[in-house]
Amino acid sequence: MNAQLPRWVDLGLIPLLNLIVAFLVAGGVVMLIGENPVEAVEHILYGAFGFGEGIAFTLFYATNFIFTGLCVAVAFHASLFNIGGEGQAYIGGLGVALVCLAFDTFLPWWIIAPLAICAGAAFGAGWAFVPAYLQAKRGSHIVITTIMFNFLAASLMVYLLVNVLKVDGTMAPESRTFEEAGRLPKIGWFMELFGQNIGGAPLNLSFFLAILACVGVWLLIWRTKLGYEIRTFGANPAAAVYAGINPVRITVITMMISGGLAGMMALNPVMGDQNRLFLELAGGAGFVGIAVALMGRAHPVGVALAALLFGVLYQGGAELSFEMPAITRDMIVVIQGLVVLFAGALEFMFRPVVARVFARTATAKGAA
Amino acid sequence: MFMDVILLLDSTVRLATPLLLTALAGLYAERSGVFDIGLEGKLLAAAFAAAATAALTGSPWLGALSGMVVAIAFALVHGAACITFRGNQIVSGVAINFLAAGLTVLLGQSWFQQGGRTPPLMGEGRFETITLPLAETVRDVPILGPIYSELLSGHYLLVYVAFLAAPFSWWVLYRTRFGLRLRAVGENPAAVDTAGISVAGLRYLAMVCAGILCGLAGSYLAIAQSAGFVKDMSAGKGFIALAALIFSKWRPVQVMGTCLLFGFLDAAAIRLQGKDLPLIGEAPVQLIQALPYILTVVLLAGFIGKAIPPRAGGTPYVKER
Chain U
1 MNAQLPRWVD LGLIPLLNLI VAFLVAGGVV MLIGENPVEA VEHILYGAFG
51 FGEGIAFTLF YATNFIFTGL CVAVAFHASL FNIGGEGQAY IGGLGVALVC
101 LAFDTFLPWW IIAPLAICAG AAFGAGWAFV PAYLQAKRGS HIVITTIMFN
151 FLAASLMVYL LVNVLKVDGT MAPESRTFEE AGRLPKIGWF MELFGQNIGG
201 APLNLSFFLA ILACVGVWLL IWRTKLGYEI RTFGANPAAA VYAGINPVRI
251 TVITMMISGG LAGMMALNPV MGDQNRLFLE LAGGAGFVGI AVALMGRAHP
301 VGVALAALLF GVLYQGGAEL SFEMPAITRD MIVVIQGLVV LFAGALEFMF
351 RPVVARVFAR TATAKGAA
Chain H
1 MFMDVILLLD STVRLATPLL LTALAGLYAE RSGVFDIGLE GKLLAAAFAA
51 AATAALTGSP WLGALSGMVV AIAFALVHGA ACITFRGNQI VSGVAINFLA
101 AGLTVLLGQS WFQQGGRTPP LMGEGRFETI TLPLAETVRD VPILGPIYSE
151 LLSGHYLLVY VAFLAAPFSW WVLYRTRFGL RLRAVGENPA AVDTAGISVA
201 GLRYLAMVCA GILCGLAGSY LAIAQSAGFV KDMSAGKGFI ALAALIFSKW
251 RPVQVMGTCL LFGFLDAAAI RLQGKDLPLI GEAPVQLIQA LPYILTVVLL
301 AGFIGKAIPP RAGGTPYVKE R
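Quick mapping for you: the protein sequence lines, in order, are chains U and H. Using the working numbering, read the first sequence as starting at 1 and increasing by one per residue. Using the working numbering, read the second sequence as starting at 1 and increasing by one per residue.
You can trust all of the hints, since none of them are fake.
Ranges between beta-carbon positions, derived for each pair:
#	chain 1	residue 1	chain 2	residue 2	range
1	H	P120	U	V167	33 to 39 Å
2	U	Y228	H	P120	56 to 62 Å
3	H	G302	U	E179	44 to 50 Å
4	H	G257	U	L32	39 to 45 Å
Part of the chain U face toward chain H, derived, beta carbon under 7 Å:
#	residue
5	F81
6	S140
7	M148
8	Y159
9	A326
10	M331
11	V333
12	G337
13	G344
14	L346
15	M349
With a cut-off of at most 25 Å between alpha-carbon atoms, the simulated BS3-like pairs for lysine-lysine come out as follows:
#	chain 1	residue 1	chain 2	residue 2
16	H	K275	U	K166
17	U	K225	U	K137
18	H	K249	U	K137
The hints are simulated quantities; they were obtained by calculation from the structure and are not laboratory data. Cβ coordinates follow ideal geometry from the N, Cα and C atoms, glycine included.
Construct the complete structure from the given sequences, taking the supplied hints into account.
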């Protein structure tokens, strides 16, 4: 079990093997429904990459997953499991929407946008603070508290949307639509650089913010003192304390950064797409983030690639359910589950086998 | 007024039943040292399997059986990941929840083409309520009559099973050899191993127990309380059950009390929907519904006693070499 393997095997081959198995099983599920998996993949790829609008939608979804993936990944580095990305993103949406509702009548969008980013991040971080503090100070398990906070966020938002923010005289539980200044510009020009037409896709500036966040997280984790402390604490809390790192401080700060990243995700649907606050705005992206972070091995580059893959699945899955009505969009949730199962929970399944194969080739080489 | 209270308590019992069965499922898993946040997924998968089988065969008994089989299968996947392959128990639980949420609707749509629902069950296919002997005769007796005929009688079989399962679990856990070993393997697996008992075997057995109970809970949701499966019908009950388990500090009899409390909050929230209360104005339904979560967080924070989980929970057992 503990045999040393080359780095590329541990970081490349074994994760790849896990993913392949996950997708093979997903193919099996498609066959169980009586459809052709190869054809299904073709539809997904066409839907996601076949035309400009499809590509823009793929990137739009990927934007959400980059944020939530980074959220889970940052917490992973401190050995914390933040399962509350969904609730943090939901509450982050409240922050974004409040800024837009307050200022959209008299400020231009380029002043509102930074304020909304800060508010989203602050609200998300605030929602992560309580579980973090309870974990650090009172020893309550962060997984359980963040699950509870997801439900609390949902209840709170239903209350606010139904009783406070709803437009008088309408039935729909949503805030008023923001004025022009409360909307992020679409980035059609970016798509045109590649000769593609954005069509009706809501791809907007938050896509660049997501890329920036990847760079930021990389710098934070591997190029700052705080990142070093986070990783040390994650690898060995006892050693970290011995080295003078304050565990309460690291837990709280890491979780607040994590929650802040989740909160910023809300910018994309709230300010970039719907231009109002609405129910279920995170739409499960917080949970996709878990799969994305596991698949991306908690590295920003991996997270971005995994987020892109899930963006492909979400956008391509829409096309697929149109072409093959038997395969509903719930197939994506199944794939998500399989990825989490094989790339996460069963990550050590193939390692002994691979280690044995390598040991055998090594002895064969030694003999020759 | 008296009748209102009886009816409120009656729906409390109905709503507490799935929570109780699911929380007891979690009790076996977590007492053996396997954290189980996949309760929600097992509950949902069992509900679907029970409804689908009952719809196809017309027998609620076969439905309940297949609910249990499917829940056990999911529990064993969780077991394989956490016990044999020493994976992260939380991650595995998350995977179980995703798989159940996706597969139930996907297969439901593919088999029945009703948007993820299973066909509504008519008469035979669904469990019937049980009228206790003499319930009709004593209905008119003041006070005790309504209590007997409304509150105690007229429930589904699974309700009685659930409320017997709690004291039974207490007996298993504290009065049998299996129970002693189960508690030991959750606290100190190395000691159990030294005594020559298989840690993995015990934990797998605990996962099977959890599967059976989740299967019953899912069957109750889909073929007793409702007449068929609808998308996401567990609606977070697995997590409330988990909260109830923690709130009871992993003890079976207390689990029953907590589930009744959480069921009562749910029943009260339904009854108070849109009604005005004295002093507070319109009833804060969302707040009442959120109370189980708030109470659990407050408990975990150590303000009402201390919730100490089984010591070996969350860590795979590695034999020393």
